[in-house]
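In case you want the letters, here they are:
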Amino acid sequence: MSWFKRKEKGITTPTNEKKDSPDGLWEKMPSGKIIHKKQLKENAYVYPDDNYHKRIGSTEYFEILFDNNEFTELDANLTSNDPLKFTDSKSYPERIKDSQKKTGLKDAARTAHGKINGLPLVVCCMDFSFIGGSMGSVVGEKVARAIDYALKTKTPFLMISKSGGARMMEAGLSLMQMAKTSAKLALLSEAKVPYISLMTDPTTGGVTASFAMLGDFNIAEPGALIGFAGPRVIRETIGKDLPKGFQSAEFLLEHGFIDFIVNRVELKTKITTLLQLLAN
Amino acid sequence: MATILEFEKPIVELEEKLSDMKALAENNEVDVTTEIKALEEKIEKLKVDTFKHLTRWQIVQLSRHPDRPYALDYIYEMTTDFIELHGDRNVKDDKAMVGGFGSIDGMSFMLIGQQKGRNTKQRQMRNFGMPNPSGYRKALRLMKLAEKFDKPIVCFIDTIGAYPGIEAEERGQAEAIARNLKEMFMLKVPVICIIIGEGASGGALGIAIGDKVVMLENTWYSVISPESCSSILWRSWDQKEQAAEALKLTANDMKKLNLIDDIVEEPLGGAHKDFNLIIGRVKDLIVKETKKLMKLTPEKRIEKRIEKFSKMGSFNE
Chain A
336 MSWFKRKEKG ITTPTNEKKD SPDGLWEKMP SGKIIHKKQL KENAYVYPDD
386 NYHKRIGSTE YFEILFDNNE FTELDANLTS NDPLKFTDSK SYPERIKDSQ
436 KKTGLKDAAR TAHGKINGLP LVVCCMDFSF IGGSMGSVVG EKVARAIDYA
486 LKTKTPFLMI SKSGGARMME AGLSLMQMAK TSAKLALLSE AKVPYISLMT
536 DPTTGGVTAS FAMLGDFNIA EPGALIGFAG PRVIRETIGK DLPKGFQSAE
586 FLLEHGFIDF IVNRVELKTK ITTLLQLLAN
Chain B
16 MATILEFEKP IVELEEKLSD MKALAENNEV DVTTEIKALE EKIEKLKVDT
66 FKHLTRWQIV QLSRHPDRPY ALDYIYEMTT DFIELHGDRN VKDDKAMVGG
116 FGSIDGMSFM LIGQQKGRNT KQRQMRNFGM PNPSGYRKAL RLMKLAEKFD
166 KPIVCFIDTI GAYPGIEAEE RGQAEAIARN LKEMFMLKVP VICIIIGEGA
216 SGGALGIAIG DKVVMLENTW YSVISPESCS SILWRSWDQK EQAAEALKLT
266 ANDMKKLNLI DDIVEEPLGG AHKDFNLIIG RVKDLIVKET KKLMKLTPEK
316 RIEKRIEKFS KMGSFNE
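Going down the list, the sequences are from chains A and B. Read in order, the letters of the first sequence are residues 336 to 615 in the working numbering. Read in order, the letters of the second sequence are residues 16 to 332 in the working numbering.
I should point out that these hints are in silico values taken from the structure, not numbers from a laboratory.
Label-pair ranges, simulated between beta-carbon atoms:
1) B/E280 with A/K575: 43 to 49 Å
2) A/K575 with B/F290: 37 to 43 Å
3) B/L20 with A/P365: 45 to 51 Å
4) A/K420 with B/S34: 40 to 46 Å
5) A/K575 with B/T312: 50 to 56 Å
6) B/T312 with A/L613: 30 to 36 Å
7) A/M364 with B/E322: 47 to 53 Å
In this text the structure is predicted, and so the values were computed from the model without any measurement. All C-beta atoms in this analysis are idealised placements derived from N, C-alpha and C, irrespective of residue type, glycine included.
Just chain A, same shape as in the assembly (with noise of 0.2 Å):
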């Protein structure tokens, strides 16, 4: 017997009981290594040594993106309702209620205008932590009004894409968001106001094929797992596995989707000089 094996028997904690490890300065990556937070932070939430882009929020991209975190918020009250009374294991009020309380956000997307580098942009920003990022009426109808937005002050628009794809709980409502939205990127392209894409890890389904891939700039951060199908589905309608690297960013690239591939840290400074090639 092993010095070291456990002598007495049914030592264990009941998982309520097991304390969690307070939020200290440090962040641990999937590498497994650690980073200090504020390190973190000040870096755009990517990991130095092997470029791994953390998943951010709204918050964190308007500081990344807006000058001296200025910026106007658009409809910020626009919550969702139950139009179809949907249920499964809870109600889907109960759902979003939950998910407000649990991330501070109305809903799944965030939409704004304000200066970068001292050019005007509106962006909306899709949240992941809110019910996956899914599209229901409120994300669909905030990224028609921020376009509309753009449209009337004909400002540029960024659009950055964090989602598993239409909302279930709204069936038929969320799929006609990809309508909507798709139809307000028709005026903005008529009206000839750029609209920048940006796709972030992930983006898939009812998202990608709407808005996120209508870009004149098709964009994405290192990494992001982007398509249309999720890779669960494709496994199991084609009984393969899936190559490596499938439908990763740098797949996009490969296959012509995306235009370029930008590192977070990179991404106000680079945005901004395609805006001034598109304004010069």
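We have chain A already, so just place chain B on it with the hints.
Just chain B now, kept in the frame of chain A:
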């Protein structure tokens, strides 16, 4: 052998009983006229009862009935001069998406649709009605062709979804659908979209942006199929009936939510019970609506098309 759905069985049993009774009467020269009449009335009543009170899942089953008319059935029945046009001019010809010019009542149309197969071989050829990016790009090419020659467009929607495969992703399934959504809003010619069977998600929407969007009575249209919804929410396909109820995916539901414009009534028992009747009704609708849409200027049509879809959604402010 006709496919009989579970809920149709009581009707079929009575119909068998009726034919037995008729045969008996003929062979034995007994007068059972009253009994026959009573039974016939009973059957008719049961049919009406059954088909007017279908559950959402039963409607999904009817929408997939293998004897239902498919896109090409409508197209060939309505036109005498249909010329099918192939290929996306890029990669290949997607056989899950068909299209071409044809005339209805002397008026030329571009007719496009997702096509399913009737037997194993055809189903494989048609990829079970699941288009690849080539299919959506072919559809768009044909729509642009229609626009160029100022011909109205009709799209027949019938798909369980855009194909989820490796090649489909490599060639940009999402981009192909997204582009169609955007481009279809700007088409200068009238566009009529008809859901004739299944309307699953982006795969359906990819050819369903129109001035007039209608559903046949026993079809479904939603963001996901009941089976996939069940597998995501309950980790198995067993709750598909429940999922179908939750998704509110029938023509009636979609009309109530203002997500479609109209419903075309089907023959009692489903579209497959009377091809002539349903195809005739769809044809009349196409002609009538096209004439109405022709009265508007292209700019007005586009404006109204965008306005209609822009209003879709439900939220608190």
